[in-house]
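**Student:** When you get a sec, could you build the whole thing from the sequences and use the hints?
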Amino acid sequence: MTLFAHLAGRSPWLYRINAGSCNGCDVELATTACIPRYDVERLGCRYCGSPRHADIVLVTGPLTIRVKDKALHLWAEVPDPKVTVAVGVCPISGGVFRESYAIAGPLDRFIPVDVNVPGCPPRPQAIIEGIAKAIEIWAQRL
Amino acid sequence: MGFLKVLLNNLMKGPATEAFPFGPPPAAPHYRGRVAFDPASCTGCGMCELVCPGGAIRIDRDAAGLQLTIWHNTCVFCGLCAHYCLSKAIRQTDDWHLAHPQAEKFHLVERGRVSMIPCVGCGKPILPLSDEVMRLAFKGRTTEIERLRRLCPDCRRIASIREMRHAHRSLV
Amino acid sequence: MTEMPLPFAAVLFPGGVFALVLGLCLKGLDRRIAARLQRRVGPPLAQPFFDLIKLARKDSLVPKAAPRLLFLTLPLAGTSTAALAVALLPIGGVYAPPAALGDLLVLLYLLAVPAITLMLAGSASASPFGAIGFSREMAMVLAYEGPLLMVIAAVAVFVGRAEGQTVTFSLTEIVAWQQAHGPLIGEPALWPALLAYLAFYPANLGMVPFDIPEAEPEVLDGPLLEYSGPALGLFELMSATKAVVVLGLGIALFCPLAPADPATALVIHLLKYAVLTALGVSVVRTAMGRMRIDQAFRFFLKGPLWLALASLLLVLGRMG
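Residue numbers (this note's numbering), protein chains in the order written: chain X, 1 to 142; chain G, 1 to 172; chain R, 1 to 320.
What the hints contain is simulated information worked out from the structure, not anything from laboratory work.
Watch out, some of these pointers could steer you wrong.
Which chain R residues face chain X? A few, computed with CB under 8 Å, are given here [what the hints assert, rightly or not]: (1) Val41; (2) Asp51; (3) Glu216; (4) Glu226; (5) Ser228; (6) Gly229; (7) Pro230; (8) Trp306.
Don't be surprised by glycine CBs; every beta carbon is placed ideally from N, CA and C.
**Tutor:** In structure tokens form, the structure reads like this:
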């Protein structure tokens, strides 16, 4: 059974939630997947279109008031076991939008975050590093 | 059929992927990464705290000196603090390994303490002037300057005036 | 050729388990080659197996508004049908399907079942994206079933007449005839049909440029949107096995030649699958972009349909 758990851990599917991000982090996320130089598929990752298929949720953006309920709803749609990664300083602390009236975040006020990848935006390698850390946590939960 | 040529070319050239998660990570020159703080050259001007857009820098002043705290989790790596830091006490390293588990979220800080030293003249606590500032302010370093360096602003003013009067008298 | 008992053929080899494993292997190969064509390293070859193991261990969520029983039976029906359909395909020199299992016409029906389960899955998932996926899948089926029927008719009539009958729908006979008289790929009258088949299989496999029903950026995986865990794994398995059926049918119809020695014949058969996957799946899906549904529909009405029809008429005319 542990062998199966180990093998299963090599197939983390990624899903990204944009919680009011400026798109900078999203571009870097797309970069990790699409640009041959970073190729996140080596780790067995795949970006999927539906939250139902996901294992690792990447959240970008400072969780604005308007998007808060929708983003949390979307996060709840992801079947267990899942791992949440906060990408960029916005979901971690609010970043430059910290203490703004339009911000409901930081993210860990509402959902349990597992890994933080600070940066504005974080460079693709840093995102890959964060995903690798998330995979370790996820393989234990599986 | 141009795309077939491209595909064939790609196949021949082989993968362009970096080794990173399995191999050594490359660091670009002049990469703006984790901010490092050197308390020895800090003058306590507070400019970094003022210009930081993310509010990542906080300076706590007390009687014994000042404590500078940088929280990397809200730093946007803009480099303004390093740019405005006259004495280069803040600089950016090429370290980007900042991804961390949630438990370490509030431990990802850079701290530095600048302690007051007593003024040689009156004993009032003053912030020490770093070598870097002296280098920026004066072309050469005389014993005169070195003596003034260890005085508080008030004592320094008195000492300067005394010097000037002495010089004036000797001229007359 | 050895005659195998029907349950064995349907469950173990070449249908059932063998088909599922082969499908996953081909999928792994495809992902690897596609990555190489994009100058990436790509996932390990066994990645589809990892994916499947992982999906088996995940939660299976069913939407409140969805009919639970239907929602969870559909992937099972689709996968088992696709796996069974492989048992209908003869492997030159190795395997001839038992007559009781059925002929080309049965295969045609079995080929339609995965598409139908996908459509029903889309409509059963009670999601607007699923509904869009459903309608798009329906349009695609309407577009490609016609050409496929005519391709099969052209081949059936050609071989049937060559053997002195009017038409033969037995794949075993078609393969045996080609073993004796050379592959149909060398028959000019059937070239248009071959072209039509080359347009049909990407549409049936739901791959670029015809991955319109499951387009991830457009309709968020369409019919599969609400599926998760083991049920989604079964759908992954279904799409992998469908590739074995469709590529296998292509091999059987146009180029089933193989040496008499069963072991060599099997290896050559698998090599054909690998080459077809590399050239026909990976290269095509890397080199092309997605069409719109109306473009794809019009494409099938203008191109493959007429090609297949032309082939059928040529065959009828030449021999009549």
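**Student:** Each of the hints needs a verdict: does it hold here or not?
**Tutor:** Status of the hints after comparison with the structure:
1. Val41: Since the shortest Cβ distance to chain X is 5 Å, the answer is holds.
2. Asp51: holds, 4 Å
3. Glu216: For R/Glu216, the interface hint holds, since the closest Cβ of chain X sits about 4 Å away, which is under 8 Å.
4. Glu226: holds, 6 Å
5. Ser228: holds, 4 Å
6. Gly229: holds, 6 Å
7. Pro230: violated, 11 Å
8. Trp306: Since the shortest Cβ distance to chain X is 35 Å, the answer is violated.
In the structure shown, a violation is registered for the earlier hints numbered 7, 8, in ascending order.
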